[in-house]
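K.L.:
Keeping their order, the protein sequence lines are chains A and B. Here the first sequence stands for residues 72 to 184, numbered as in the numbering used here. Here the second sequence stands for residues 11 to 122, numbered as in the numbering used here.
Simulated from the structure, these hints should not be mistaken for lab results. Predicted model, so just to flag it, every value in this text is computed and none were measured. Where is the CB? At the ideal position from N, CA and C, for every residue including glycine. Among these hints, one or two may not hold up.
Unchecked claim - To give an idea of the chain A side of the interface with chain B (calculated C-beta under 8 Å), a few residues:
#1 A80
#2 V83
#3 V86
#4 Y105
#5 A111
#6 R113
#7 L117
#8 L152
#9 A170
#10 N171
#11 V172
#12 A177
#13 G178
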Amino acid sequence: SQTIHQWPATLVQPVGSPLSLECTVEGTSNPNLYWYRQAAGRGLQLLFYSVGIGQISSEVPQNLSASRPQDRQFILSSKKLLLSDSGFYLCAWSTSSGANVLTFGAGSRLTVL
Amino acid sequence: GQSLEQPSEVTAVEGAIVQINCTYQTSGFYGLSWYQQHDGGAPTFLSYNGLDGLEETGRFSSFLSRSDSYGYLLLQELQMKDSASYFCAVRNRGGSQGNLIFGKGTKLSVKP
Numbered sequence: 072s073q074t075i076h077q078w079p080a081t082l083v084q085p086v087g088s089p090l091s092l093e094c095t096v097e098g099t100s101n102p103n104l105y106w107y108r109q110a111a112g113r114g115l116q117l118l119f120y121s122v123g124i125g126q127i128s129s130e131v132p133q134n135l136s137a138s139r140p141q142d143r144q145f146i147l148s149s150k151k152l153l154l155s156d157s158g159f160y161l162c163a164w165s166t167s168s169g170a171n172v173l174t175f176g177a178g179s180r181l182t183v184l
Numbered sequence: 011g012q013s014l015e016q017p018s019e020v021t022a023v024e025g026a027i028v029q030i031n032c033t034y035q036t037s038g039f040y041g042l043s044w045y046q047q048h049d050g051g052a053p054t055f056l057s058y059n060g061l062d063g064l065e066e067t068g069r070f071s072s073f074l075s076r077s078d079s080y081g082y083l084l085l086q087e088l089q090m091k092d093s094a095s096y097f098c099a100v101r102n103r104g105g106s107q108g109n110l111i112f113g114k115g116t117k118l119s120v121k122p
């Protein structure tokens, strides 16, 4: 069966510090991978998605970047965090043909102080 | 622009039926999905409508009218554990490039 792992679960970072969130998927190959952000009490905002290694599409221009160095690994990064980067970050995967059905990781709660 | 509209909050009692509506305006349409999210947790997939009509999965049903850009999630025999946020989402592109645009969610509170 397929599983998705995301870490760290929580982190508190100072403004201006770097960020790296990692997500890996097991039990499938060539998945579509996604990073979403959810501000407190808000909906899910798509940040990046990837249909293959090295292929990243950005939905919202911002202080963040994403990379996919391996087929089942997706990384969200920032060089310098802003206060507005605080939120709940969710990694998700889908099959390449089933993008209506996303399976989410447990999420990473980021607080920028 | 792209937008999905759904009520922000709904309250109902245990055993009742509740309907959560969703209207959408997107650049493309390749299906309407519904997700459930409990407080502090990750969203989980509930249902998908690609064509007009009703889809039933146990106590939950979902409906789509593409001509009206409208859908709803129907929850029957409500239980306390159904207290959660419910999101509608539209896939706005086809093929492998498709991705989901989510609404802001409806917080459902089930009272005893």
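K.L.:
Can you name, in rising order, the numbers of the hints this structure does not satisfy?
P.N.:
Violated hints (numbers, rising): 1, 2, 3, 5 and 8; every other hint is consistent with the structure.
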